[in-house]
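Okay, here's what each chain looks like letter by letter:
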Amino acid sequence: MRTFFALIRRDVTLGIRASGGAALSAAFFALIVVLAPLGLGPDMATLKSASPGLFWIAALLATLLGLERIVQPDVEDGTLDLLRLSPLPLEFVALAKIISHWLTSGLIITILAPALAPLLNLSLDAVPVLALSLLIGTPALSAIGAAAAALGASVQRGGMVLALLALPLNIPFLIFGSTAVAQAQTNTDPTQALTLLGACSLIAVVVGSIAAATSLRLNDD
Amino acid sequence: MPVLAYANPERFARLARSLTPWLLGSAVGLLLAGLFLGLFLAPPDYQQGDAARIMYVHVPAAWMAMFVYGCMALASAVAFIWKHPLADVAAKASAPIGCIFTALALITGMLWGKPMWGAWWVWDARLTSVLILFFMYLGYIVLWNAIEDPARAVRAARILALVGAINIPIIKFSVDWWNTLHQGASVFRADGPSITGSMLIPLLVMAVAYNVLYAALLLIRMRAEIAERRLRSIRLGLEFEPK
Amino acid sequence: MTDWSTFFAMGGYAAYVWPAYAISVVSLLALAIASWTWMTRAERLASSSKSAEETAPETKP
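Chains as they are written, first to last, in my numbering: chain U, 645 to 865; chain G, 9 to 251; chain X, 496 to 556.
Treat each hint with caution, since some may be false.
Partner residues aside, some chain G positions facing chain U, computed with beta carbon under 8 Å [unchecked claim]:
id	residue
1	L135
2	M144
3	I167
4	A173
Listed next, the stretches of chain G that the computed footprint assigns to chain X, with coverage defined by at least 3 CB atoms under 8 Å from CB atoms of chain X [unchecked claim]:
id	stretch
5	86 to 94
6	119 to 129
7	152 to 161
8	218 to 230
Source of the hints: derived by calculation from the structure; they are not laboratory data.
From a predicted model like this one, the values you see are computed outputs, not experimental measurements.
Ideal Cβ positions, reconstructed from N, Cα and C, are used throughout, including at glycine.
Assemble the whole structure, with the sequences as input and the hints as a guide.
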């Protein structure tokens, strides 16, 4: 367990200091939110109805950003080989990587999103649901992303490949997350969407850890 | 052990060589029969008229899109559990065929949708799912091409196919759920025409033809893949690499 | 010949029915030809380099 937390602490520190780290994810997320009205026009009613989807698409894209940095450097500099010698099962190494990626992307986005809500005219009632849906859903984005990153670890400059692998699998979270926010905005009960989001998120974290660990074992020989 | 791993693909290649002409011949025969039945003998639908004939190329392609992914996932599971080299070859060979069938299902679906629904594309649950399936095929093919070391690519592709297969029911469910929620926005009937016997026979012939064609193309692509692996291992001075 | 022109007109849906059939046939045919040429080339290369290796003096230890 000590290794587990030490690994998280190390990866979070790296994630904050690295050039492609937490700050970049946050800035990218904010930038998409700012770009949307410039593309859609400043009409407040349009923005209001589009905002749940826009926030979630921005979250999907912003969590893709830090993925390359969470596995590939460790494969290249041999840290992974050391980690495999430690008593910690590789599934937990993967889980630690998922958690540290989430702390430096999903969590930041979750905190940032309510502050950006007025820019897209999201109604005030929906803001807590937006934060809650991102809190529940973004760990799954990190989990699926980590599995994709582990698969693509042997690909040079695999950023676009990563996106192509991860984005189709992220569709359920986009659907449930943005629907929950949209329902909260139109005064419909978002409980069902949030429950489904939570259930899928749990499955994704488990499947993501196992898949990422299995792919890390690829580098066996 | 290397002898066993070498013998299996070799014996398979011999069997495939004798089967290929038969399968390819019957696929062409069945396709011609199916096209003839669909274009000439099948009656026009009483509601959709002759546009319903698109069904005979659209529906079998959509079936194959799902069936081939299932075969690919099954082969990957076999490869994952028993490390059988032929299963990896089968999964890799299936992907481009499935991708083409998926693209055909989408394109013919659009050509059918325009006269029937008045739009090239509607965000209907089935269309959306097939579109996502198309991107999953693309991801699988891209992963194969992106990893240079063949031994690693084999294992990465297995995992991707299996993770995709686990996720497909969840994606399908979420898309269906999303679609029923927005039912008010679209009042299109997504179903095809109600099927009568004279329309069912061409459809079934085309479905069988597509299946046989898949089998023939699969054998051809597996033979090519096996030959390429043999070539690679000869160049490396090894026997067949037991992957 | 009015028979044939009504057949090609496809009840007014010619612009949709014919492209659907054409693209299906053409792309499946293209896939089949591409697979076939890939296979024949790979098998020819494999068998020729194999026989070359067999006739060549043994270099492996």
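Status of each hint after checking the structure:
no., hint, result
1, L135, "14 Å, violated"
2, M144, "5 Å, holds"
3, I167, "5 Å, holds"
4, A173, "11 Å, violated"
5, 86 to 94, "violated (count 0)"
6, 119 to 129, "holds (count 4)"
7, 152 to 161, "violated (count 0)"
8, 218 to 230, "holds (count 5)"
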